[in-house]
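A.B. asks: The chain contents come next:
There are 4 protein chains.
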Amino acid sequence: MKSVEELVKKIIKFRDARNWKQFHNPKDLALSLSLEASEVVEHFQWKSEKEIKEYVKTNKDEIGEELADVLYWILLISHDLNINILDTLDKKIDKNDKKYPVDKAKNKHTKYNKL
Amino acid sequence: MKSVEELVKKIIKFRDARNWKQFHNPKDLALSLSLEASEVVEHFQWKSEKEIKEYVKTNKDEIGEELADVLYWILLISHDLNINILDTLDKKIDKNDKKYPVDKAKNKHTKYNKL
Amino acid sequence: MKSVEELVKKIIKFRDARNWKQFHNPKDLALSLSLEASEVVEHFQWKSEKEIKEYVKTNKDEIGEELADVLYWILLISHDLNINILDTLDKKIDKNDKKYPVDKAKNKHTKYNKL
Amino acid sequence: MKSVEELVKKIIKFRDARNWKQFHNPKDLALSLSLEASEVVEHFQWKSEKEIKEYVKTNKDEIGEELADVLYWILLISHDLNINILDTLDKKIDKNDKKYPVDKAKNKHTKYNKL
Numbered sequence: 001m002k003s004v005e006e007l008v009k010k011i012i013k014f015r016d017a018r019n020w021k022q023f024h025n026p027k028d029l030a031l032s033l034s035l036e037a038s039e040v041v042e043h044f045q046w047k048s049e050k051e052i053k054e055y056v057k058t059n060k061d062e063i064g065e066e067l068a069d070v071l072y073w074i075l076l077i078s079h080d081l082n083i084n085i086l087d088t089l090d091k092k093i094d095k096n097d098k099k100y101p102v103d104k105a106k107n108k109h110t111k112y113n114k115l
Numbered sequence: 001m002k003s004v005e006e007l008v009k010k011i012i013k014f015r016d017a018r019n020w021k022q023f024h025n026p027k028d029l030a031l032s033l034s035l036e037a038s039e040v041v042e043h044f045q046w047k048s049e050k051e052i053k054e055y056v057k058t059n060k061d062e063i064g065e066e067l068a069d070v071l072y073w074i075l076l077i078s079h080d081l082n083i084n085i086l087d088t089l090d091k092k093i094d095k096n097d098k099k100y101p102v103d104k105a106k107n108k109h110t111k112y113n114k115l
Numbered sequence: 001m002k003s004v005e006e007l008v009k010k011i012i013k014f015r016d017a018r019n020w021k022q023f024h025n026p027k028d029l030a031l032s033l034s035l036e037a038s039e040v041v042e043h044f045q046w047k048s049e050k051e052i053k054e055y056v057k058t059n060k061d062e063i064g065e066e067l068a069d070v071l072y073w074i075l076l077i078s079h080d081l082n083i084n085i086l087d088t089l090d091k092k093i094d095k096n097d098k099k100y101p102v103d104k105a106k107n108k109h110t111k112y113n114k115l
Numbered sequence: 001m002k003s004v005e006e007l008v009k010k011i012i013k014f015r016d017a018r019n020w021k022q023f024h025n026p027k028d029l030a031l032s033l034s035l036e037a038s039e040v041v042e043h044f045q046w047k048s049e050k051e052i053k054e055y056v057k058t059n060k061d062e063i064g065e066e067l068a069d070v071l072y073w074i075l076l077i078s079h080d081l082n083i084n085i086l087d088t089l090d091k092k093i094d095k096n097d098k099k100y101p102v103d104k105a106k107n108k109h110t111k112y113n114k115l
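Chains as they are written, first to last, in the working numbering: chain P, 1 to 115; chain W, 1 to 115; chain F, 1 to 115; chain D, 1 to 115.
This is chain P alone, in the form it adopts within the complex (with noise of 0.2 Å):
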């Protein structure tokens, strides 16, 4: 299995073939990131709990796909940020581990400011 600094390296080798990255402004990659986004949740549009259930047994590939393309665009813009996106993460859990206190938040999907 790939690391993820190799598959970055993977991710801009291809990118650099096709001379893309002209393209490649925050905004739009911002824009592509979100529509990514939006195909993941397309799988579940209109789908009861049960029906779901049986859905993502028999489709994991396809949600696996739409996965790998929202985090294609999360390495990519953090390698053209220049951002530890792995390390951001990492403190990112910490932050909200004292954002939402056990006591509080526990059986509780309340947002962090109401609770």
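Some clues are possibly wrong.
Chain copies aren't distinguished; within one or between two, either way the pair holds.
To be verified - In silico lysine-lysine, DSSO-like type, Cα no more than 27 Å apart, as pairs: (1) Lys2 with Lys50; (2) Lys108 with Lys9; (3) Lys57 with Lys92; (4) Lys108 with Lys21; (5) Lys98 with Lys53; (6) Lys53 with Lys21; (7) Lys2 with Lys47; (8) Lys50 with Lys106; (9) Lys9 with Lys27; (10) Lys91 with Lys2; (11) Lys53 with Lys9; (12) Lys53 with Lys27; (13) Lys57 with Lys2; (14) Lys98 with Lys9; (15) Lys111 with Lys47.
Because the hints were derived from the structure by calculation, they are not lab data.
Keep in mind the model is a prediction, meaning the values are calculated, not measured.
For this one, chain P is given, so just place chains W, F and D on it according to the hints.
C.D. replies: Showing chains W, F and D alone in chain P's frame:
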């Protein structure tokens, strides 16, 4: 720096401490992914290319945190659906390599089905 | 109650007073539309069907305002691109009528291309 | 040209003929609204300002149809939640008028909470 596997463990530990798995059905997880992607986009709304160039320098941390929020959901959904997301991305890039042949796609932002 | 035409006039007057047309390129307008749609979605995140039933009663005004924000951008974009949106919707429903024939689509949430 | 009220009636008639109300819970309706908004955005992805200027002329009908799809969901959700969307928008513009005072907001794309 933590590996993706370690981050996934940390995310699941964070969730379990709050007993939040009960809320994490695929539809709401996908929807959360999409909402966080929108927050990335929001950073670039209304800004000109020139303003964005400046903005990404002075707001790297904020943008990084939003990207981390998106990554958080990707890792969590992939975990719950038992998807190896790094492997899937690796193979997706290979697929895109064929969908966008260099000689046809070079210097063009056209979608593969219109190339 | 104002008509759609009167609302469009009011929106343009609001914009002109602030000299905001300079920011209103189609890409940012579309992106704004999408961001406001996300704010509608956010109201329903994590909530169960039962919770939502209660929520839509007690939060009708808030949800209505988010919907109005989406409508705002639809009317503004349509105005700027010189699109008669009511007429277009009228014709689109006729198109959908053919795309989703009653005998095939009844009681199904399947997309037209899979019916 | 049909009025908004007539369009709503047409939409409900279209739905009832297919017996689709059973699928129309607020979460999926909001999600559909958001997915259609993404399809509007998709038209402008990767395109430069110059390309967009040309594109909106030659693709007015396609863009109009996507906007109509968004409007469709706005009218349907508003109907189901018993929201007078035209009235709500009218009042929302008045609210925005106060949130963005002309003397502070003129020529700026700053969000109201940072003005």
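A.B. asks: Please sort Lys53 with Lys9 into within, between, both or neither, judging by C-alpha distance up to 27 Å.
C.D. replies: between (36 Å within a copy, 23 Å between copies)
A.B. asks: Up to 27 Å between alpha-carbons, please classify Lys53 paired with Lys27: within, between, both or neither.
C.D. replies: Answer is between; shortest inter-copy Cα gap is 10 Å, intra-copy 35 Å.
A.B. asks: Within, between, both or neither: how does the pair Lys91, Lys2 come out at a Cα-Cα threshold of 27 Å?
C.D. replies: both (23 Å within a copy, 11 Å between copies)
A.B. asks: With identical chains treated as interchangeable, where does the CA-CA distance between Lys2 and Lys50 reach 27 Å or less: within a copy, between copies, both, or neither?
C.D. replies: The answer is neither: 35 Å in one copy and 36 Å across copies each exceed 27 Å.
A.B. asks: Evaluate Lys98 and Lys9 at a C-alpha cut-off of 27 Å and name the case that applies: within, between, both or neither.
C.D. replies: between (34 Å within a copy, 18 Å between copies)
A.B. asks: At most 27 Å between C-alpha atoms: does Lys57 with Lys2 qualify within a copy, between copies, both, or neither?
C.D. replies: within (25 Å within a copy, 30 Å between copies)
A.B. asks: With identical chains, the pair Lys108 and Lys21 could be close in the same copy or across copies; at 27 Å between alpha carbons, which is it: within, between, both, or neither?
C.D. replies: between (43 Å within a copy, 11 Å between copies)
A.B. asks: Between the shortest in-copy and the shortest cross-copy C-alpha distance, which are at most 27 Å for Lys50 and Lys106: within, between, both, or neither?
C.D. replies: both (26 Å within a copy, 20 Å between copies)
A.B. asks: Is the C-alpha distance from Lys2 to Lys47 at most 27 Å within one copy, between copies, in both cases, or in neither?
C.D. replies: Classified as neither: same-chain Cα gap 34 Å, cross-chain 33 Å, threshold 27 Å.
A.B. asks: Between the shortest in-copy and the shortest cross-copy C-alpha distance, which are at most 27 Å for Lys53 and Lys21: within, between, both, or neither?
C.D. replies: between (40 Å within a copy, 15 Å between copies)
A.B. asks: Is it within, between, both or neither when you check Lys98 against Lys53 at 27 Å Cα-Cα?
C.D. replies: neither (33 Å within a copy, 31 Å between copies)
A.B. asks: Between copies, within a copy, both or neither: which fits Lys111 and Lys47 at Cα up to 27 Å?
C.D. replies: both (25 Å within a copy, 12 Å between copies)
In the structure shown, a violation is registered for the earlier hints numbered 1, 5 and 7, in ascending order.
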